[in-house]
Amino acid sequence: MEITIITIAFIVFSLISLVGAYGVVTCHNLFRGTIWLMVSLFGAAGMFVLLSAPFLAAVQVLVYIGAIAILFTFAVMLTRSVSNLKTRFNRLNINIAAAVALFALLVVGIIAPVFISNPNLQQPISTVTRTTIDLGESFGSGNSFALPFEVASLLLTATMIGAIVIARETDDEV
Amino acid sequence: MVPLWFYLIVAAALFSMGTFGVLSRRNGVAVLMSVELMLNAVNINLVAFWRYLTPEKINGMAFAAFVFVVAAAEAAVGLAIIISVYRNRHSVIPEEADTLRG
Numbered sequence: 001m002e003i004t005i006i007t008i009a010f011i012v013f014s015l016i017s018l019v020g021a022y023g024v025v026t027c028h029n030l031f032r033g034t035i036w037l038m039v040s041l042f043g044a045a046g047m048f049v050l051l052s053a054p055f056l057a058a059v060q061v062l063v064y065i066g067a068i069a070i071l072f073t074f075a076v077m078l079t080r081s082v083s084n085l086k087t088r089f090n091r092l093n094i095n096i097a098a099a100v101a102l103f104a105l106l107v108v109g110i111i112a113p114v115f116i117s118n119p120n121l122q123q124p125i126s127t128v129t130r131t132t133i134d135l136g137e138s139f140g141s142g143n144s145f146a147l148p149f150e151v152a153s154l155l156l157t158a159t160m161i162g163a164i165v166i167a168r169e170t171d172d173e174v
Numbered sequence: 175m176v177p178l179w180f181y182l183i184v185a186a187a188l189f190s191m192g193t194f195g196v197l198s199r200r201n202g203v204a205v206l207m208s209v210e211l212m213l214n215a216v217n218i219n220l221v222a223f224w225r226y227l228t229p230e231k232i233n234g235m236a237f238a239a240f241v242f243v244v245a246a247a248e249a250a251v252g253l254a255i256i257i258s259v260y261r262n263r264h265s266v267i268p269e270e271a272d273t274l275r276g
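From first to last, the protein sequence lines stand for chains A and B. All the letters of the first sequence, read from the start, carry residue numbers 1 to 174 under my numbering. All the letters of the second sequence, read from the start, carry residue numbers 175 to 276 under my numbering.
Chain A with its partners taken away, still in its complex shape (with noise of 0.2 Å):
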């Protein structure tokens, strides 16, 4: 296989992707914790452009980094005083083995004998893609995704009262 830009960005990128979660899982300060999680999804978005998935991408910064990320530092924050845990982790060797053995069951058992031995499935079967304009049709189409478009929407409108209501503080608290 010859070293193309798309490779480096690849690798790059990847890289990224799995230093920020080595940081997001390890780290003792969880401010920083967020920190690496914006690094890690980073990544990810830019793994999106590279699958000409360009708006995901978008989406990927906006959402992920612009509000998910910010969510957790806010959380970080008000649950400062206790953040700097004495252990950070519980029965750490065990959770070591079982995520090593996940992994290997992975690669093993499903990424090596189905996508890595199968030659067809190595690069992409059209270089012609779906665009933004197909997605955003299709969540306006009836046939295609409008009503799970609309149930998204439901969801997310009952989960921001949801969270209102869990999280406001009420006088007759127990």
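There may be inaccurate statements among the hints.
As the list claims (entries may be wrong) - Derived DEER-like restraints, expressed as beta-carbon distance ranges:
#1 A:Thr131 - B:Val244: 21 to 29 Å
#2 A:Gly162 - B:Glu230: 33 to 41 Å
#3 B:Arg275 - A:Thr170: 23 to 31 Å
#4 B:Val244 - A:Asn90: 24 to 32 Å
#5 A:Val49 - B:Arg261: 36 to 44 Å
#6 B:Val244 - A:Pro54: 17 to 25 Å
#7 B:Asn262 - A:Glu137: 41 to 49 Å
Derived by calculation from the structure, the hints in this document are not laboratory data. Quick reminder that beta carbons are idealized off the backbone N, C-alpha and C, glycines included.
Got chain A; can you put chain B on it based on the hints?
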């Protein structure tokens, strides 16, 4: 383009790291961050499979967009619960929220 399994390996590694975080971190906020990592790995897989196997359909991108919505909802409600538990018990350790334990 790079072979499909490059993306699958990276997504599997991200998912395994997220699993490790969910299982082992003591802070509830860190557990939720690890859940976000796992959802993100799933999203990479969805988009990679869409691009490599069925780029002529819209389903893969649409499903990834819905995963974004569900992830946002999960983060908002989860953090609200953590803040509520912290206010009541002054702890963000999930193991100490054991009122419903039998």
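Quick rundown of the hints versus the structure:
no., hint, in the structure
1, A:Thr131 - B:Val244: 21 to 29 Å, "24 Å, holds"
2, A:Gly162 - B:Glu230: 33 to 41 Å, "38 Å, holds"
3, B:Arg275 - A:Thr170: 23 to 31 Å, "24 Å, holds"
4, B:Val244 - A:Asn90: 24 to 32 Å, "27 Å, holds"
5, A:Val49 - B:Arg261: 36 to 44 Å, "41 Å, holds"
6, B:Val244 - A:Pro54: 17 to 25 Å, "22 Å, holds"
7, B:Asn262 - A:Glu137: 41 to 49 Å, "47 Å, holds"
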